[in-house]
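Visitor: Here is how the chains run, residue by residue.
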Amino acid sequence: MSTASAHAERHSPLAHHFRDMAQQFDAAKLGIWIFLCTEILMFGGLFVAYIIFHGLYPAMFAEGARWCDWRMGAANTTVLIISSFFMASGVHYTQTNERVKAIRCMAITIVLGFVFLVIKYFEWRHKFELGLLPPHFFHYQGAHHKNLALFFALYFCMTGLHGIHVVAGMCLITWVMIRSIKGEFNSEYYTAVETVGLFWHLVDIVWIYLFPLLYLVG
Amino acid sequence: MAHTKAAAEAHGHGEHGGHIIVPMSSYVKVLIALLILTALTVAVARPVSGFDAGIFNTLIAFLIATVKASLVLAIFMGLKYDKKLNLAIFLTGVFFLLVLLLFCVLDIYTRVHVQSTL
Chain A
1 MSTASAHAER HSPLAHHFRD MAQQFDAAKL GIWIFLCTEI LMFGGLFVAY
51 IIFHGLYPAM FAEGARWCDW RMGAANTTVL IISSFFMASG VHYTQTNERV
101 KAIRCMAITI VLGFVFLVIK YFEWRHKFEL GLLPPHFFHY QGAHHKNLAL
151 FFALYFCMTG LHGIHVVAGM CLITWVMIRS IKGEFNSEYY TAVETVGLFW
201 HLVDIVWIYL FPLLYLVG
Chain B
1 MAHTKAAAEA HGHGEHGGHI IVPMSSYVKV LIALLILTAL TVAVARPVSG
51 FDAGIFNTLI AFLIATVKAS LVLAIFMGLK YDKKLNLAIF LTGVFFLLVL
101 LLFCVLDIYT RVHVQSTL
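In the order they appear, the protein sequences are chains A and B.
Under my numbering, the first residue of the first sequence is numbered 1, with each subsequent residue one higher.
Under my numbering, the first residue of the second sequence is numbered 1, with each subsequent residue one higher.
Looking at chain A on its own, in the form it has when it is part of the complex:
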């Protein structure tokens, strides 16, 4: 970004190629929804793999799910749902010009994202210690089902890709929080808060599906 355009942006959040703020906002929303579509299709490939293998080896998924502690999964589901609530509230308070409340909500969202990752870390460490890993790395001796490593291939791909999204979401929320602290958003202009919020809610939706499919089957 050139100094001139950065300077212009500080005066008005409206980019010169848009007719007005409403058109700019709608264009940003359109763009983020198309991006969320690509996200759905990326996770979707893994979900399709899950459904097909679950149909072929239901006993293997039941055995794999026994290694996933549903209490930790349920805790993480609750954490992410509450974080989504606070993100939505952050957008709401930005829209109503209640800046301090908005910043507080975003901070809580980031903390909850961190709590999610800490719980995830303990789950992953447990599986690493036991050797419950994808094929090639799998070295747990007591597996009943001969393809158990396949469950953990799906488990680590799905929770890993989701985990990367949680980290990315936390970075993005930190970014909009810093911009909020600088006072760059108000009821007229809050596009970045809204679109980052949409991304965070999608991450929540993916986990809403992952939790029952990985922890509660069998």
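If you are wondering where the hints come from, they were derived from the structure by calculation, not from laboratory data.
Hints may be right or wrong, so weigh each one.
Claimed, not checked - Below, a list of computed lysine-lysine pairs in the BS3-like style, where the Cα atoms sit at most 25 Å apart: (1) A:K127 - B:K29; (2) B:K83 - B:K29; (3) B:K84 - A:K101; (4) B:K29 - B:K80; (5) B:K83 - A:K127; (6) A:K182 - A:K29; (7) A:K29 - B:K84; (8) A:K146 - A:K127; (9) A:K29 - A:K101.
Unchecked claim - Anything over 10 Å on all C-beta distances counts as not near chain A; from chain B, calculated: (10) A53; (11) K80; (12) Y109; (13) T110.
Said to hold, decoys possible - Cβ-Cβ distance ranges computed for the label pairs, FRET-style: (14) B:A39 - A:V115: 15 to 21 Å; (15) A:H16 - B:F103: 17 to 23 Å; (16) B:V94 - A:A15: 28 to 34 Å; (17) B:G50 - A:W175: 43 to 49 Å; (18) A:Y140 - B:V67: 32 to 38 Å; (19) A:A27 - B:L100: 25 to 31 Å; (20) A:E98 - B:V67: 29 to 35 Å; (21) B:G50 - A:R125: 26 to 32 Å; (22) B:F95 - A:G31: 39 to 45 Å; (23) A:D69 - B:T110: 19 to 25 Å; (24) A:H136 - B:L100: 38 to 44 Å; (25) B:T110 - A:A168: 37 to 43 Å; (26) B:F103 - A:G160: 23 to 29 Å.
Every residue gets a Cβ at the ideal spot worked out from N, C-alpha and C, and that includes glycine.
Got chain A sorted already, so can you dock chain B onto it with the hints?
Guide: This is chain B only, laid out in the frame that chain A set:
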């Protein structure tokens, strides 16, 4: 109900280029509903409670997750109040995911020998 309130509130805040402000009460209701549904999905899981609906176990879990996802999409993500174009884009993504699933399932399950060992 929430729709009229949100619309009224948005109108009350003047013309923000058609921005809709969803009232906090809607968010709180959705939060409570999501937490209850999470408890429900745990309660009907066989490994947790012993509840067994046979082959419908996974389907029930999937349906509850879809209700939860719909609530997040409609209220938290605002699709209920948003331009219908964004809903159309989202549904297009879901449609192509279903196409992917359909043809993969048709392919795999019409083969004679699909079971194998790693």
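Visitor: Taking each numbered hint in turn, which are not upheld by the structure, reported in ascending numerical order?
Guide: 1, 3, 5, 12, 15, 22, 23 and 24
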